[in-house]
Every structure is written in C-alpha cells, then in structure tokens.
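Protein chains: 2
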Amino acid sequence: MSFPYITEIAQQTPTKIVLLVADGLGGFPNESGKSELETAKTPHLDTLAAESALGLTIPAYPGITVGSGAGHLALFGYDPLKYLIKRGVMEALGTGIELDKGDVAARGNFCTVDASGTITDRRAGRIPTEESAPLAERLNAAKLDGAKVKVYPVKDHRFVAVFSGEGLLDEVSDSDPQREGKPPLEVRALAPGSEKMAKVANQFSKQVRELLAKEKRANMGLVRGFSMMPKVPSMAEQFLLNPACISAYPMYRGLSRIVGMKILNGGNSFREELAALKRHWAEHDFFFIHYKYTDSAGEDGDFARKVKMIEEFDAYLPEVLALKPDVLVITGDHSTPSVLKAHSWHPVPILLHGKYSGKDGIAKFTERNCAKGSLGQFPGSASLVLAMANAFKLNKFGA
Amino acid sequence: MSFPYITEIAQQTPTKIVLLVADGLGGFPNESGKSELETAKTPHLDTLAAESALGLTIPAYPGITVGSGAGHLALFGYDPLKYLIKRGVMEALGTGIELDKGDVAARGNFCTVDASGTITDRRAGRIPTEESAPLAERLNAAKLDGAKVKVYPVKDHRFVAVFSGEGLLDEVSDSDPQREGKPPLEVRALAPGSEKMAKVANQFSKQVRELLAKEKRANMGLVRGFSMMPKVPSMAEQFLLNPACISAYPMYRGLSRIVGMKILNGGNSFREELAALKRHWAEHDFFFIHYKYTDSAGEDGDFARKVKMIEEFDAYLPEVLALKPDVLVITGDHSTPSVLKAHSWHPVPILLHGKYSGKDGIAKFTERNCAKGSLGQFPGSASLVLAMANAFKLNKFGA
Numbered sequence: 002m003s004f005p006y007i008t009e010i011a012q013q014t015p016t017k018i019v020l021l022v023a024d025g026l027g028g029f030p031n032e033s034g035k036s037e038l039e040t041a042k043t044p045h046l047d048t049l050a051a052e053s054a055l056g057l058t059i060p061a062y063p064g065i066t067v068g069s070g071a072g073h074l075a076l077f078g079y080d081p082l083k084y085l086i087k088r089g090v091m092e093a094l095g096t097g098i099e100l101d102k103g104d105v106a107a108r109g110n111f112c113t114v115d116a117s118g119t120i121t122d123r124r125a126g127r128i129p130t131e132e133s134a135p136l137a138e139r140l141n142a143a144k145l146d147g148a149k150v151k152v153y154p155v156k157d158h159r160f161v162a163v164f165s166g167e168g169l170l171d172e173v174s175d176s177d178p179q180r181e182g183k184p185p186l187e188v189r190a191l192a193p194g195s196e197k198m199a200k201v202a203n204q205f206s207k208q209v210r211e212l213l214a215k216e217k218r219a220n221m222g223l224v225r226g227f228s229m230m231p232k233v234p235s236m237a238e239q240f241l242l243n244p245a246c247i248s249a250y251p252m253y254r255g256l257s258r259i260v261g262m263k264i265l266n267g268g269n270s271f272r273e274e275l276a277a278l279k280r281h282w283a284e285h286d287f288f289f290i291h292y293k294y295t296d297s298a299g300e301d302g303d304f305a306r307k308v309k310m311i312e313e314f315d316a317y318l319p320e321v322l323a324l325k326p327d328v329l330v331i332t333g334d335h336s337t338p339s340v341l342k343a344h345s346w347h348p349v350p351i352l353l354h355g356k357y358s359g360k361d362g363i364a365k366f367t368e369r370n371c372a373k374g375s376l377g378q379f380p381g382s383a384s385l386v387l388a389m390a391n392a393f394k395l396n397k398f399g400a
Numbered sequence: 002m003s004f005p006y007i008t009e010i011a012q013q014t015p016t017k018i019v020l021l022v023a024d025g026l027g028g029f030p031n032e033s034g035k036s037e038l039e040t041a042k043t044p045h046l047d048t049l050a051a052e053s054a055l056g057l058t059i060p061a062y063p064g065i066t067v068g069s070g071a072g073h074l075a076l077f078g079y080d081p082l083k084y085l086i087k088r089g090v091m092e093a094l095g096t097g098i099e100l101d102k103g104d105v106a107a108r109g110n111f112c113t114v115d116a117s118g119t120i121t122d123r124r125a126g127r128i129p130t131e132e133s134a135p136l137a138e139r140l141n142a143a144k145l146d147g148a149k150v151k152v153y154p155v156k157d158h159r160f161v162a163v164f165s166g167e168g169l170l171d172e173v174s175d176s177d178p179q180r181e182g183k184p185p186l187e188v189r190a191l192a193p194g195s196e197k198m199a200k201v202a203n204q205f206s207k208q209v210r211e212l213l214a215k216e217k218r219a220n221m222g223l224v225r226g227f228s229m230m231p232k233v234p235s236m237a238e239q240f241l242l243n244p245a246c247i248s249a250y251p252m253y254r255g256l257s258r259i260v261g262m263k264i265l266n267g268g269n270s271f272r273e274e275l276a277a278l279k280r281h282w283a284e285h286d287f288f289f290i291h292y293k294y295t296d297s298a299g300e301d302g303d304f305a306r307k308v309k310m311i312e313e314f315d316a317y318l319p320e321v322l323a324l325k326p327d328v329l330v331i332t333g334d335h336s337t338p339s340v341l342k343a344h345s346w347h348p349v350p351i352l353l354h355g356k357y358s359g360k361d362g363i364a365k366f367t368e369r370n371c372a373k374g375s376l377g378q379f380p381g382s383a384s385l386v387l388a389m390a391n392a393f394k395l396n397k398f399g400a
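Taken in order, these protein sequences are the chains called A and B.
For what it's worth, the numbering used here labels the leading residue of the first sequence as 2, then goes sequentially.
For what it's worth, the numbering used here labels the leading residue of the second sequence as 2, then goes sequentially.
There may be inaccurate statements among the hints.
Once the Cα atoms are required to be at most 27 Å apart in a straight line, the calculated BS3-like pairs of lysine-lysine come out as [as the list claims (entries may be wrong)]: (1) A/397 with B/42; (2) B/215 with A/397; (3) B/35 with A/356; (4) A/360 with B/232; (5) B/293 with B/35.
The following label-pair restraints were derived from C-beta to C-beta distances [claimed, not checked]: (6) B/283 with A/231: 58 to 66 Å; (7) A/283 with B/251: 32 to 40 Å; (8) A/193 with B/83: 30 to 38 Å; (9) B/301 with A/192: 56 to 64 Å.
Partner residues are not named here, just some residues of chain B that face chain A (Cβ under 8 Å, in silico) [said to hold, decoys possible]: (10) 62; (11) 67; (12) 83; (13) 86; (14) 103; (15) 192.
If you're looking for bench data, these hints aren't it; they were derived computationally from the structure.
This structure is a prediction, so every number in the text was calculated from the model and none was measured.
All residues carry an ideal CB built from backbone N, CA and C; glycine is no exception.
Build out the structure end to end from the sequences listed, making use of the hints.
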C-alpha cells in the first residue's frame, strides 16, 4: 500500500534526491559463507554506510519475487500491486519501443510447426538473430481489419508485435500454448471490449503462418502477454517532483517514461550515466540512475563477477557524493543471488543518507547488516516517501 | 491498517493498561552526537527498559510526519488514515470547545485589509490576545440564515468559529487565501450537500467585515479548515475497554472525547495528573496519561530543556509503577527532535512492560536502542492491540 494523501502533503523544494539503483543488488552466501556484498571490497560504501540509515525493503510482499517492472515501480513510489506491467509491455520497453496510448504490445516467439499445424519446437531451434530479424521485418506485411501491426526483432527467436488502431484493449488470451505437441491457440477476448483485439490477433496469426510458410525452422509465430501501458499518474502529479532518468538500458528508460520522468541521455555505460548526472545536475530535483551489471552477473550465476561489479560500483561512488545530494538512496529493485541464477524474494538492502537520516554506525553495507539497520524492513514503495521526508519535501499529515 | 476483527475477539477483564504518552518523545542527535533520550539521565526508565520489550512505532506511514490528532488516534488503536481530524476541529479541541454533533468548526485569523478589500497583513500585526478577545466576542453578533455562529478567542490573531444548524456539512473551501495581496476568497461547496455551509460562511465573512469596519489592524477575519468531529466508534464499542483520559491540556482531552474516553480531572500539571490516576485507579481498565512538556521543548528547539523534561518524566515513573499496572506502555504520539524544532517523520520509541512482554535486556530507552528491540517497527495503531494482548484482553482469532 502506498500513502494515499501523498500529493496533498508534497511540496516543491530545491533539495535534490539521488536514487542509485544497483539492479538485483541483494545476494546470498555461496559456499564461502559470505554473500556477494559481504565478499566485495567496498571502501566507499563502507564509509557511507556508517554515516547512513540502513534497512531492507520488501518490493511487493514478503516472499514474493518481483520482475524488474514491479521492482522499479515500487522504488519510484508506486504500489506494484496496483499498477501491473505485463509481459508485452515489458518486452517492448526492453526493446526500446515507445508505445503510444492505445497500443497493445505482445511478446512473440518464432516456432516450428509440422504439416498438421502442431508445434514441434516452441523456439524454432533458437534461431539466431541474424536469421530471425529479417523474418520479423517480413511480418510487417500482415494486413489487419481496422488495425495495424508493427513487428520488431528482439534476440534469437523473440520478437515484439505492437498492434494499433481504434478500440483495441488488452484483455485477451495468448496464442502460445506454452508447450509443444499442440497447435497455436485461438486468441479469445477475456473481458468485454477486447473482442476486436482478439479478432485482429487471430488475423495476424493466420497471416504469419502464410508469410512464413516456406521457412524450415521459423515457419510460425506465437504471441503472448498482450498488454497496454498502465495508466500511472506521473511523478510530477503524484509527488510534485521534477524527476530524471539516467540509464544506459532501454527497459529502465521505458519504465521511467511510464511515470513521466525526463529521459536523459545516459550513453552506453555507467561512466557515461554519471557524466549525464553532472551535466544535468541543475535541472532536476530527483535523479534515478541505473547500474545494470550487478543483476546480469547474478542472473548468470557468476558470483565472482557480481562481486567485481559491486566493487566497480563502489569505485564510482565518490563521483556521486561529490555532487552533495541532499538525500542519497542506494538500493536494488530486487535481489538476484548468484547461487540462484535468478531474481529472488529476499528483501533488498537499502541505504539512506541525509542530514537527518541518522547514522547507524554499521560499517559495511550487506544484507545481514541491513537487517540490523534503523530503518527496519519496509515496503519498497515507501523508500521514496522516506527520501522525500529527508529532503523536506513533505508537509505534516493531519492537523 | 488496523485489525478488522478486534471487536469480535476483545474481552473484558479486570487487568489494567496504562498508556503513558510523552508527547513528541522521539528526538535526534544534536552536535554532541546524542539524542535527547540518549543524553537524559533516566535511572527509572533504564531499569524498566531492561525488563521490557522495546520497539519503534510508525504513526501513519514510513516517512510521514503526523500532527497530534493523527498520532494520538493511532495510539488509541485507530487507523489515522481512516479517521481524519482536520484543522478546525483540532483548533476547537485545543481551545477546550466541546463540539456537538452537526457542528462545523473553522480556524479563524484576524487580518488587515485595505480600502479595496485586499489583505495587507494575514495576522493583523499579530494583535495581542487582550485586543483580539473582545473582537472575537463582537463577532457573535453575526446573524446567519438558518444557522448560528459562536466565536471563541484563541491566542493573538487566532479565533475559532463554530457553526451550528440543520444541514451543515464541512466540505467547503477556505476564505483564507493563505497569502497577502489578495482579497478574502468566496467559500465554495466542494461536495454536494455542503452548499448551505458555503452560503452561511459567506454571510459570516460579510458581517465580520462590517462588524470590524472601524478597527485599524484587525478589520477583517479569514476562516479555514472547516471540519466536523469525525465519526469514530468509541473505545468501549471497538475494544470493550472502559477507558479514561488524564490530561492537563484541552486538546488531548478533546481527542480522547472523540473516542469516548471518560475525561478525568487532570488538573494543571503532570503531578496533578498522577494524583488523578491514583484517585480513579479502581474505576477503569485503561488509562491514557499525557505528558506535554517533551513536545513543547522540542518544538521550541530547546535540546537542553527537552532533556530536562525527559528527566522530570523519569522522576515521576515510580508513582506509576507503584500502582502495578498489568501492562504499561510508554511512548510518544510522534517525534519532535529539538534540532528540527518541529514534529518529524522519525519512528517513535515504545516500551511495553507486562508479565509476558519479554525482557529485551536493553538498559536504556533510546531511539537507537528501540530500533534493536524485540517489538521491531510496527504501525502506531497496533500498540493498543499489543497492550490488550499482554493484558489478556484478546481471545484467539480464528478457529
């Protein structure tokens, strides 16, 4: 739950908040008995931690593992149970596609079907991107009644289909049966109003089959996760902030666009992101900066690389501190323990630094130390409220 | 959120709960590195703390600074997001006015307007009470259609206007534009049903101008925060308690009246409050006792005085302990760090003592020690539930 009266008590001030997200930051001990954060040499984080308030956030609910969408929405101050970001939209955002109002995005897979139309390989032999990209391009030839489709290649067997046209809604079922030995499914409307989308999706499936008929491997496409951009009040409306996003990766820029952040050019690396932060420092009162590499290493199950990525993150910290933000929050959107090679449900370490954050005096920023921090455990979406409070951007609630 | 089945599981027992509220108790380190609680010499609290369970409460939501109304409602077991106490009602309660059902209270300011009606001083030069009190009295001459107004002097330029009559509702805008260089605003209905209140308020404004026309400084009045008493189920209904309030200050008696407490005569000091506690010890199973002076010192930014007020509070503690309450809760309604000279968002230290509360063995009652206590961090409105549980006033939930 988020705080329902936040807009009424929010006030604009010149103070600056920096939200530094190391993606998938939280980890777990490997056979050494220590987690990635516990193993990494992080002199700057250590010094900062001792002078900050520490705690753990719960992105959605205890025990719940969240995707990047839900995790970031929470950090941006929104209840991830209220605003759902579904598969098609996430895939579009990750591909750098800007969805317009009314667009419905779906995730697509090239697949192989036999003469009877039964799926024999859901991933078309994991066809490489060089082969699949021209096929995705070819699907743009599909002609639909009262709608258009634009197909974007992604990676290997994956593509994104974006449907646009009057009266499309996203409450429809998938054509992907998610198993082999079955034919692609008819797309059905799951709620009144979504009938046109279902009809258009079925037309698309039929034409995909025709357009790819002569291919050997990728002779069909499956679509799933039809979804539209969630209607989220902007951070300017909701929190009276003037927020900016700095991310080298399209997905996080897309998520930031959902909440109305100004997207700054973060280049292609964290170094370039920090350069952008300095360049635009005067222009915003809230900066979201994204560090991707902790998550990628965790997802790959590469404990040593995650440790190294944390150490690199630490080395950049003085550049952020030199700007003297009034409030600095360092956290992750979720945990990604290398030993699990995946996102996990473990609460996420958070560090809050400001003149009135308090100093816990805990000299290392780790999962176990954060469990002893003065912030306790709290909902991920409350971290923005705490940051705003510490930046004196909130008035008193109630007389 | 409060526990929705509390009434079903509540039971009456002879056990006694004392809720001892040191207003604005939580503080923050000053340049010495220690907070007020950390600095104060509190031998009785120290001994008690070691034999109690400690924790931190969050009155409304992490990062949210609450007013006294919301903070106390939470301590009385109510969700402060559900029952809002607005400015007019708080001002009336603080002035010792008993509002009847259907009354609408507004906070008033005497102000200065020029010949064209533009506000030149929102506080009429902070006119002293001796001058403003007779003017407030004069405003009682206002004649309104289908309603009456009673005006009470407060302090300096402030007054309270209480409107009564059939069909008044409080969803109306303010006449106070909250800035100079503008004329007073027309009061507008903000929801259906509040039209009569808006009309009556505008009649009042017109007559205030006429009644004060010959004054030099206070020649007009502005009103804001129109509000009625919130409809709150009594503590007797909700918790099956027989509660009493002991407070030397009218605001806290007023807040206690909202939840149906019996108001005992607390005299004019904490010493007299404790005398009342002893006198009425046999008559109730729940006592709320209010200690004001910690908050006043914090609001004044007087660190040393807040330390001293905590030490005085500590000195009185043996008198409460001598009564051997089954459960004793010591906490604040919010934090008021002297360094901020205001209420703050920082979680509030709480101490719970009872035969089965557990003993944390932490030998000093401070903000940082409470962050390590066995109660953890929890919503302010849960403290009553914990107190009732420890007093065996709650049955099992669910079969």
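For each hint, the structure was consulted:
Between residue 397 of chain A and residue 42 of chain B the alpha-carbon distance is near 31 Å, which puts this suggested pair outside the 27 Å criterion. At most 27 Å may separate the alpha-carbon atoms for a hinted pair to count; residue 215 of chain B and residue 397 of chain A exceed this at roughly 37 Å. Under the criterion of a C-alpha separation no larger than 27 Å, the hint pairing residue 35 of chain B with residue 356 of chain A is consistent with the structure, at around 14 Å. Under the criterion of a C-alpha separation no larger than 27 Å, the hint pairing residue 360 of chain A with residue 232 of chain B is inconsistent with the structure, at around 41 Å.
A threshold of 27 Å between alpha carbons decides the hint, and for residue 293 of chain B with residue 35 of chain B the separation of about 22 Å falls inside it, so the pair holds. For the pair residue 283 of chain B and residue 231 of chain A, the supplied restraint of 58 to 66 Å holds, since their beta-carbon distance comes to about 59 Å. Range check, residue 283 of chain A to residue 251 of chain B: Cβ separation about 49 Å, and the 32 to 40 Å hint is violated. Separation of residue 193 of chain A from residue 83 of chain B is about 34 Å and conforms to the stated range, judged on CB atoms against 30 to 38 Å.
Distance hint check for residue 301 of chain B and residue 192 of chain A: the Cβ-Cβ separation is about 59 Å, which falls inside the suggested range of 56 to 64 Å. For residue 62 of chain B, the shortest C-beta to C-beta distance to chain A is roughly 4 Å, which falls under 8 Å, so the interface hint holds. Annotation: interface hint on residue 67 of chain B holds; nearest CB of chain A at approximately 5 Å, less than 8 Å. Hint status for residue 83 of chain B relative to chain A: violated, with the closest Cβ pair at about 10 Å, above 8 Å.
For residue 86 of chain B, the suggested interface contact is upheld, since its CB lies about 6 Å from the closest CB of chain A, less than 8 Å. For residue 103 of chain B, the shortest C-beta to C-beta distance to chain A is roughly 20 Å, which exceeds 8 Å, and the interface hint is violated. Interface restraint check: residue 192 of chain B against chain A, minimum CB-CB distance 16 Å, threshold 8 Å, status violated.
Checked against the numbered hints listed earlier, the structure breaks hints 1, 2, 4, 7, 12, 14, 15; every other hint is satisfied.
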